[in-house]
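Make the full structure from the sequences, and use the hints.
Chains as they are written, first to last, in our numbering: chain R, 1 to 346; chain E, 1 to 346; chain Y, 1 to 346; chain V, 1 to 346.
Derived by calculation from the structure, the hints in this document are not laboratory data. Be a bit skeptical, because a hint or two may be false.
Intra- or inter-copy, both count: the list cannot distinguish identical chains.
Stated by the list, open to error - EDC-like mimics (lysine to aspartate or glutamate), calculated; alpha carbons at most 20 angstroms apart, straight line:
(1) LYS140 / GLU26
(2) LYS94 / GLU136
(3) LYS204 / ASP277
(4) LYS204 / ASP279
(5) LYS204 / GLU112
Model, not experiment: these values are computed from the prediction.
4 protein chains.
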Amino acid sequence: MMDVGIIGASGYTGAELARILCNHPEVNITVATSRQFAGQPLSRIFPNLSNRLDIICENLSPEQLKRKADFFFTAVPHKTAMDIVPALLSAGKKVVDLSADFRIRDRATYEEWYQPHTSDHLLAEAVYGLPEIYRESIVKSRLVANPGCYPTSIILGLAPLLKAGAIQHHTIIADSKSGTSGAGRAAQIGSLFCEVHDGFKPYKVGRNHRHTPEIEQELSSFAGEKVTITFTPHLLPISRGILSTVYGNLNPGFNTTAISELYQEMYSSQSFIRLLDEDTFPATQYVRGSNFCDIGFKIDSVTNRIIIMTAIDNVVKGAAGQAVQNMNLMCGFKEATGLEIIPLFP
Amino acid sequence: MMDVGIIGASGYTGAELARILCNHPEVNITVATSRQFAGQPLSRIFPNLSNRLDIICENLSPEQLKRKADFFFTAVPHKTAMDIVPALLSAGKKVVDLSADFRIRDRATYEEWYQPHTSDHLLAEAVYGLPEIYRESIVKSRLVANPGCYPTSIILGLAPLLKAGAIQHHTIIADSKSGTSGAGRAAQIGSLFCEVHDGFKPYKVGRNHRHTPEIEQELSSFAGEKVTITFTPHLLPISRGILSTVYGNLNPGFNTTAISELYQEMYSSQSFIRLLDEDTFPATQYVRGSNFCDIGFKIDSVTNRIIIMTAIDNVVKGAAGQAVQNMNLMCGFKEATGLEIIPLFP
Amino acid sequence: MMDVGIIGASGYTGAELARILCNHPEVNITVATSRQFAGQPLSRIFPNLSNRLDIICENLSPEQLKRKADFFFTAVPHKTAMDIVPALLSAGKKVVDLSADFRIRDRATYEEWYQPHTSDHLLAEAVYGLPEIYRESIVKSRLVANPGCYPTSIILGLAPLLKAGAIQHHTIIADSKSGTSGAGRAAQIGSLFCEVHDGFKPYKVGRNHRHTPEIEQELSSFAGEKVTITFTPHLLPISRGILSTVYGNLNPGFNTTAISELYQEMYSSQSFIRLLDEDTFPATQYVRGSNFCDIGFKIDSVTNRIIIMTAIDNVVKGAAGQAVQNMNLMCGFKEATGLEIIPLFP
Amino acid sequence: MMDVGIIGASGYTGAELARILCNHPEVNITVATSRQFAGQPLSRIFPNLSNRLDIICENLSPEQLKRKADFFFTAVPHKTAMDIVPALLSAGKKVVDLSADFRIRDRATYEEWYQPHTSDHLLAEAVYGLPEIYRESIVKSRLVANPGCYPTSIILGLAPLLKAGAIQHHTIIADSKSGTSGAGRAAQIGSLFCEVHDGFKPYKVGRNHRHTPEIEQELSSFAGEKVTITFTPHLLPISRGILSTVYGNLNPGFNTTAISELYQEMYSSQSFIRLLDEDTFPATQYVRGSNFCDIGFKIDSVTNRIIIMTAIDNVVKGAAGQAVQNMNLMCGFKEATGLEIIPLFP
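Structure follows, in structure tokens:
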């Protein structure tokens, strides 16, 4: 049994890590931190965990943390992560960082969208934690940058097409819709039940969402040239789930059969990708609580445009589940261990 | 006081017509029909109406209907409408038809998407009931084809831009999201609470939704040439509301100021269009229950793409409210009469 | 036209007062206060109001307020209200106070549940603002204490029965369920979408909710002796609405017919009470956005227990709507003016 | 590995049995029946199951069923169950019946609430499947009548108190609130999203719900005399979850400590009961997807009344989860096998 620590346990991602790791046969949660709730049982903050997890939140320095576990998940805001991760690595620990701090390989780009980077010596080493794309590197890594939730949904939908040159990348538009857990557990008016419920709205429209550079970095890598997209996030009145509807013009020679084959080739042996039958489309309610990414597509032959639709649970495949998938790879466990959760429907 | 009839009163649109017309100072509801609920008070089917509307649902022939009112709303499925409307017009009545039967001016196009048209002699006469575009024709008309809910949200957002040649029309993509009332009140598994709640999904993707030809007809008319778009509907876990996120590439010379002016010019004196300030985006919860169409936009200068966002209540501006707005124009009432409803939030 | 002021306009109750008063033909909103949002248009905080209400939030002293309007709604927290109301009354203004400060006639009881009362000289004068019960006193009053939302739903259901001695008052249990708007617009974790959505829970169980003394005061007054009840509030994942299910044992001689007659007698001429037919029960969705209180009941003859069910919109009949109803009475307007809103369903 | 069959797989309970049994290490699902969807993969009806369960729905006679599995869950409507179960038992199979057909030991009572019983010879043999109460009998049984969802929530809350004589049973009132999955997957207007969403209502008030006799049978058994209660079901706008708020007057000598001890004594070693700390109350969102029953209580000393609150997931502990718990006991598996699911929150 490996001892693991959750740094930042009192957010929704932290709690979800706890939910998943509790049933993981290879690990023990030995430390969970929270500044705000230090001294309280995590199961008092998240009563769903009670009778299954008996751990008290602590407020610890990196120095103290090192003695508590062998593997760490840093589920803290960007900036905070870069202050903690180096110390953990220096102590010989492995880390999956769920913040944005190590996702963007280009320091200047990071600093344009966030703030100065104080641990940029780790940027080259950190592996972008999409196992379906970077499995081999993840296996050998000690620092994995867990992808953002929107990027996961968009990148997985586009990767096979961009790699094969099937899509005209300057035509890509990603219209994404996310559940409210993506906004975190901070007490703010915009996340109140009465503000979100029975409503729907776009936000941070027009290159204003910080997931943009992360998406473009990966898409550019597949395309072999700089890809610039339009990405529009929207807020759904649901707790969990992201559905991305991605548009692009096809290059000549790619019809439904050809596109299907591209997806099959890349994903048919992946545990957590479900490719949908023709004329079947994904829905967030069919991936709820699970690590699946469901992918469907449809070609509009009149406009020669492809519509790719992907659904994930933003808290699982978009955060905690993918983090555990990465841990499994980094530690030599079976990739799907602890993640064989069937989606909860209804 | 004018006597008005609601044909097809037991659906959500019929009930909403009743809600609005009850408080309309110029009309009396004198007849409401329903095959399924004939003999029952409408307020037993829709208890929200009780103590305000005292009318029994009837199942009447067009012959009988003619004696009951001077103005009719046909809130029935397509095909059914074309069987009723001619008789009403022949009897000298005015009609707002809320079905699709008279929306599409080209018979062949109608028949491609629906079924044979048996009242096509009226197609040339029927006016497409978007008052912000066709007010003068509506005023003189005896038959108005009330627009579909999705088309209303998309056409109002694009009209000023297409008329001014601001947008490259072959790049237009409309990603639309609708509340579940749009699926009507029929008892079907896909509309059950447990299937829709806490979820989100696309449907009829890729030129498969019957609102497509209606949208393209109007956009083509503005552009002066055939416009073909990609339109993707999605189902939101809310009762009311449509939000359309519409994308297109701008032609040279159109920046934020220029686009703002186009909207101002066309809509600043319209009672039911609210143009949002820069960096403010619409939300369905701010138009709930009202006849407003809120419009915002943002230009992504890196991709030279405009993102237009519109929000309406699909049951009001997308159906019953717009129908009453049309009636007001057709009958010489003040356009906003009975429609000065402030959105219900939260 | 009378000038009215909304003190505390940035909460849900304040916004709802604005929504209702905007369409009230006898009044102008001349001032709206908010400490937090001073300087901002109210329609920026609540975009549903835009194009209908053009007023800037201000932060004003009672001294300044006096010059701004003739009638005031104080939609502020308890304690704050008692600091403002006396100055307004001294300046000859009339006030409907929506806080708890003047609801409880007995100072000691107030202080037991809240804190010391600094304006207790007004307690004897303030009228408890349930028009269906205290209409005559309200008409003559300059200070009305607008009832709490839960108390409105419970008291209206029980009044006829207690007045007639139909119910054994020591057996009364009120199991009440409220929408989340009742928790206000404060940014707190417990009101976040993700905490409330798709869930349900009781809170402040067992004589711990501050509406208890207010309910018991009124019930005692009807019964002519001290009534002590059990009241359990629950939090519903809806925005608006309270449904109270109230239980009590019947005294001999009261069957369904007799109870129906008691309700008819007291309520049949009331504009905002809808008595439901036998075996028809109220639902919050049928009163949404309106000032109605729907009442149904059922007698379980095996246990000789009556189950009374009432539904209101907590923001309307439970707050802003009832406040306007009180204003109408205090100012000689028709009681239903501005309140002829039909519930919004679906 | 034991072969198990799900009879009636296309309802929400059937699908939930599939979800749970898929991850159960001791069983294989070898047959799933559905009249309506025969020939279709179960994972097409419930796409959440895809990639995890590969089974086609069949329409089979009891004769055919017998050859398909060793253990059966009958998740069919009452009346249908009594036609199937005897044949399965005769063939030496064990059965958990999720209908009402074998829950009520007294034939006359069953027939009063349902219809004539054609398999009443099995009534004496069938064990009421509440493991926390009847574990020993379940272990030895070949036919378990799985309890109703409301009864599970109410009976578990009251059992320790009635057994100890702590409560005056003629004062018991159960005010219960259920998620919409309890209404099943039948296409009916009352279960449509738009009818249920953002609303709340009671139904079948006053001894009209068929779970009443089942509840009273069990409570009477604990009390040792006939117990008659008032039970009011309500419909919540959530998918899953029942919260019951149960009221009763205490007998002398039972204070908070004494009541706590009664609960501890009976439940502290039970895997699926979580007793909450004082002043902590259950919530449906903290048991979602799990087999837990959370129990809290509060004594209102002024009225000498206890308020007991219990929360379960109606589809799990109220149906499929409890059925699997019963199967585990009947088959000698560890009681919690396959049920170690942590509630999904948010």
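How the hints compare with the structure:
no.: 1; hint: LYS140 / GLU26; result: within (19 angstroms within a copy, 36 angstroms between copies)
no.: 2; hint: LYS94 / GLU136; result: within (16 angstroms within a copy, 49 angstroms between copies)
no.: 3; hint: LYS204 / ASP277; result: between (33 angstroms within a copy, 14 angstroms between copies)
no.: 4; hint: LYS204 / ASP279; result: between (31 angstroms within a copy, 8 angstroms between copies)
no.: 5; hint: LYS204 / GLU112; result: within (16 angstroms within a copy, 40 angstroms between copies)
Of the numbered hints stated above, none is contradicted by the structure.
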